Amino acid sequence: MDTNNASHHRGLMLEEPLVFELGAAGRTGVDLPEPEDPVEDRLGGMRRKTPIGLPGLSEPQVVRHYTRLSQKNYSIDTGFYPLGSCTMKHNPRLNEALARLPGFADIHPFQPVSTVQGALAVMAALVQWLKALTGMEAVALSPAAGAHGELTGLMTIRAALEAQGRARTTVLVPASAHGTNPATAALCGYRVQSVPAAADGRVPVAAVKERLDADTAAVMLTNPNTCGLFETDFQAIAEAVHGVGGFCYLDGANFNALVGRVRVADLGVDAMHINLHKTFSTPHGGGGPGAGPVVFSKALAPFMPVPFVRQGAEGFVLAEHPRGRAIKTPFGRIKGFHGSFGVWVRALAYMLSMGIDGLRQASGDAVLNANYLRARLQDDLTLSFPGLCMHEVLFDDRFLKGTGVTTLDFAKALIDAGFHPMTIYFPLIVHGALLVEPTETESRETLDQFIDTVKALAARARAGEEAFFHAAPRHTPRRRLDETAAARYPRLRWRPRNHTNGLKE
Amino acid sequence: MRYLPLTDTDRAVMLSAIGVASIEELFAEIPASARFDADHTDLPRHAGEMAVERELSRLAARNLSGAPCFLGCGVYRHHIPAAVEALIQRGEFLTAYTPYQPEISQGTLQYLFEFQTQVALLTGMEIANASMYDGATACAEAVAMACRITRRQKVLLSGGLHPHYREVTHTWGRPIGIAVAALSPDPIGIEDLIGRVDLETACVVVQNPGFFGLLKDHSALAAACHEVGALLVMAVTEPVSLGLVEPPGAMGADIVVGEGQSLAGPMNFGGPGLGLLATREKYVRQMPGRLVGETVDVDGRRGWVLTLNTREQHIRREKATSNICTNAGLGALAFAIHVSLLGEAGLVRLAEINHAAAVRLRARLARLHGCRVYPSTMFNEFTMMVPRSAAVLVEKLAARGVLAGVPVARFYPEFPELENALLVACTETNSADDIEALILALEENL
Numbered sequence: 044m045d046t047n048n049a050s051h052h053r054g055l056m057l058e059e060p061l062v063f064e065l066g067a068a069g070r071t072g073v074d075l076p077e078p079e080d081p082v083e084d085r086l087g088g089m090r091r092k093t094p095i096g097l098p099g100l101s102e103p104q105v106v107r108h109y110t111r112l113s114q115k116n117y118s119i120d121t122g123f124y125p126l127g128s129c130t131m132k133h134n135p136r137l138n139e140a141l142a143r144l145p146g147f148a149d150i151h152p153f154q155p156v157s158t159v160q161g162a163l164a165v166m167a168a169l170v171q172w173l174k175a176l177t178g179m180e181a182v183a184l185s186p187a188a189g190a191h192g193e194l195t196g197l198m199t200i201r202a203a204l205e206a207q208g209r210a211r212t213t214v215l216v217p218a219s220a221h222g223t224n225p226a227t228a229a230l231c232g233y234r235v236q237s238v239p240a241a242a243d244g245r246v247p248v249a250a251v252k253e254r255l256d257a258d259t260a261a262v263m264l265t266n267p268n269t270c271g272l273f274e275t276d277f278q279a280i281a282e283a284v285h286g287v288g289g290f291c292y293l294d295g296a297n298f299n300a301l302v303g304r305v306r307v308a309d310l311g312v313d314a315m316h317i318n319l320h321k322t323f324s325t326p327h328g329g330g331g332p333g334a335g336p337v338v339f340s341k342a343l344a345p346f347m348p349v350p351f352v353r354q355g356a357e358g359f360v361l362a363e364h365p366r367g368r369a370i371k372t373p374f375g376r377i378k379g380f381h382g383s384f385g386v387w388v389r390a391l392a393y394m395l396s397m398g399i400d401g402l403r404q405a406s407g408d409a410v411l412n413a414n415y416l417r418a419r420l421q422d423d424l425t426l427s428f429p430g431l432c433m434h435e436v437l438f439d440d441r442f443l444k445g446t447g448v449t450t451l452d453f454a455k456a457l458i459d460a461g462f463h464p465m466t467i468y469f470p471l472i473v474h475g476a477l478l479v480e481p482t483e484t485e486s487r488e489t490l491d492q493f494i495d496t497v498k499a500l501a502a503r504a505r506a507g508e509e510a511f512f513h514a515a516p517r518h519t520p521r522r523r524l525d526e527t528a529a530a531r532y533p534r535l536r537w538r539p540r541n542h543t544n545g546l547k548e
Numbered sequence: 339m340r341y342l343p344l345t346d347t348d349r350a351v352m353l354s355a356i357g358v359a360s361i362e363e364l365f366a367e368i369p370a371s372a373r374f375d376a377d378h379t380d381l382p383r384h385a386g387e388m389a390v391e392r393e394l395s396r397l398a399a400r401n402l403s404g405a406p407c408f409l410g411c412g413v414y415r416h417h418i419p420a421a422v423e424a425l426i427q428r429g430e431f432l433t434a435y436t437p438y439q440p441e442i443s444q445g446t447l448q449y450l451f452e453f454q455t456q457v458a459l460l461t462g463m464e465i466a467n468a469s470m471y472d473g474a475t476a477c478a479e480a481v482a483m484a485c486r487i488t489r490r491q492k493v494l495l496s497g498g499l500h501p502h503y504r505e506v507t508h509t510w511g512r513p514i515g516i517a518v519a520a521l522s523p524d525p526i527g528i529e530d531l532i533g534r535v536d537l538e539t540a541c542v543v544v545q546n547p548g549f550f551g552l553l554k555d556h557s558a559l560a561a562a563c564h565e566v567g568a569l570l571v572m573a574v575t576e577p578v579s580l581g582l583v584e585p586p587g588a589m590g591a592d593i594v595v596g597e598g599q600s601l602a603g604p605m606n607f608g609g610p611g612l613g614l615l616a617t618r619e620k621y622v623r624q625m626p627g628r629l630v631g632e633t634v635d636v637d638g639r640r641g642w643v644l645t646l647n648t649r650e651q652h653i654r655r656e657k658a659t660s661n662i663c664t665n666a667g668l669g670a671l672a673f674a675i676h677v678s679l680l681g682e683a684g685l686v687r688l689a690e691i692n693h694a695a696a697v698r699l700r701a702r703l704a705r706l707h708g709c710r711v712y713p714s715t716m717f718n719e720f721t722m723m724v725p726r727s728a729a730v731l732v733e734k735l736a737a738r739g740v741l742a743g744v745p746v747a748r749f750y751p752e753f754p755e756l757e758n759a760l761l762v763a764c765t766e767t768n769s770a771d772d773i774e775a776l777i778l779a780l781e782e783n784l
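Going down the list, the sequences are from chains A and U. Quick note: the first sequence uses this note's numbering, first residue 44, plus one each step. Quick note: the second sequence uses this note's numbering, first residue 339, plus one each step.
Rather than coming from a laboratory, the hints here were simulated on the basis of the structure. Fair warning: this is a prediction, and the values are worked out from it, not measured in the lab. Mixed in with the good hints there might be a few duds.
[Unchecked claim] Dumping the calculated BS3-like pairs for lysine-lysine here, alpha-carbon to alpha-carbon at most 27 Å:
no.: 1; chain 1: A; residue 1: K92; chain 2: U; residue 2: K620
no.: 2; chain 1: A; residue 1: K341; chain 2: A; residue 2: K174
no.: 3; chain 1: U; residue 1: K492; chain 2: A; residue 2: K252
no.: 4; chain 1: A; residue 1: K341; chain 2: A; residue 2: K444
[What the hints assert, rightly or not] Covered stretches of chain U, as calculated for chain A (at least 3 residues, CB under 8 Å):
no.: 5; region: 344 to 354
no.: 6; region: 483 to 494
no.: 7; region: 522 to 531
no.: 8; region: 635 to 646
no.: 9; region: 655 to 668
no.: 10; region: 685 to 698
no.: 11; region: 703 to 712
Quick reminder that beta carbons are idealized off the backbone N, C-alpha and C, glycines included.
Hey, can you work out the whole structure from these sequences and the hints?
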């Protein structure tokens, strides 16, 4: 501990033990009814033989514990969070309130559909919005996250190809792609072929064409790409992959730059996932839950997974079994139950709040904010690719050359200055990447403050203040943590002394 | 517009700093043929809070909620203490990203470390990850993991496994060449899994309590698996049961997957879920998903980081153990808070109340004319054979405001012998009035 008093606290810097170190036998934070007259159990001798090992805490202790933990987190609510490719925009509280309406929160997925017509109407409305915004033919709502949407998209492509007689073997993925793209292709049984970016940061149609053949199942592109640039050859690439009978997958992680501005169907897209927790403002929650609905072209729509909503004669119906195919055939289901309903309600509340005019203004302001940062910072940091950017701007570490300061050091110094760092070391195609995404929900005052801070830090790096950067961060609940030791000797749980949990070897 | 801070003056100043005349100029690279025509669309324009509230409240009102509810099937209604909801809505939790910068994410990292420990303790396993999307996808990931560990491709699924878990596992396994064999639905546990395990088997997947409610000791199956070098994967869709029942680890399970919703939050029409995945320490490098580990900072103080990232997609790309990135962080927090509030005594008591309530209800339903109930060992859910189509019966009772259970035929339309089977769950949320309403409605409609 860095303090020598008995409490280990210092002002508002509160030390907080693990919950397992707080408990005492006999305490509880929930008052449950006294058991009624005992019944003869039906456990068949399988009653737990050893205690679980959970600590006992009262409600005030639990509330204080988690409140204190919360205070050790940076969040959008507390400050600017320009994490590139993650779209940390404001999460409206109206969405939270509406998702908690008992009519939405307290319904079971297997209630008779006659008793959940409102829930199915939410699904149908969300599908309508996503179709209208993209121009696509059909929507699978169930994927739980972006990467899960990618998997759904590629499996649908695979199912469509299999229906033609051959699943094919290869998926083309740009070197600048999110790591999930190649991981998804591999999970779907495809060999990944990497496509290098051109000197301008974009994927040239020629590089794709060189790699296309009758074994190409799909090309996966991100647009705007992870360098924050619009892929200007997109339509030509889609046409080329269609020319060999393959499909065009668009990673829609950056759809927030396009919404209300681009009709992705007209780019030649066959499938695209949309991260509702990015473009449509649902909270990231420290790493989920998200939702990654996938929009499909006419060619793929017949192969998409269940469930989906249909309008029937007496209201909405839920298709839960693949049509005309035995349940065991592949593309039936990608997720348990119907999908992330709670996230859908939030996203729909956001769409209704923003309207088409608001969504269009949002993508405009997001791109404006990113270009403002680019214009104001390009003489202090090194811009990786010249010219206009979309919703995020990519810098690299050439401006730090010879200073002894790395991208990581620079990011840690930003933390001391009160900002969450940008995304660092991604994308991989530039050295020491710093990817900045301000989003549309930041004011000009905040951007100016960030600009002034970054300029001052860049000046300190150039002035040779290497030690200052290496020591950062200083003002955080913890300073730099030893990640190497954590990986070498993994301690992934708390363990009591002399505890056995009845594990059988 | 309330979420957009820029004023027209701001925009003008910023455009001039950039050196362009309009926002449209920033989109100059978009081909004309792919432009969205915002002037010719049916989509509505922006709306105030009151209008949005009205519209969504109207839809919420069209759902039947708050009714006597005896539905389970992998999603359970339990009482969630007010403190859980209050704490997970703290903006520092709700609006944080995945903890990539550990110095300013110790809150998220510590609760995930606590969650990993709780899941390990509850399941009786050595370690657990920081969550998956839901139980079904966790099950599919566990099967893929077992295939990597054993370097085998043959998988056997019990007929007591939740049909959605089975379907998702099929979906997952097929493109990567996993041969998944699923046994027929097995309401009373007569299937022979042990006889089907051989030297090519990567793993067997069972669920405890099973889809039809059956509680079973799988120790012998675990031993049979281990004898031939196969793994036992055990799914738990109702984690409250772990307060009372021998945990999978004690039965010899190698990988445990589960759905954490029942302890984390409301039913939410089945989503978002909270996938649980726990295993033995020796398999850690084959695990999917995020892991939080303990370490120290440069001052020697204990702290937490995301660790063993070399398994993950952002480092390993096509060689990763999974493509998972986002998981269910906030659900894991809700689970951790609820389990902390309950504590040892509370969770055991909650499980006992659930079990006793279900046993009592079962006894009363068994006396109804023409009805049979099984299996004989269970936790808080069981199967009831009614003398008519369960789906029709459930519709009739729903019209009277009673949600009686889940007709098995909804999952198994191809098995006519299950047409009259109804899955009934009972939790602490079912009041004495609920139970009387159910019995009365059944008596009048059987």
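Of all the hints numbered above, which does this structure not satisfy? Sort the numbers upward.
Of the numbered hints, 3, 4, 6, 7 and 11 do not hold.
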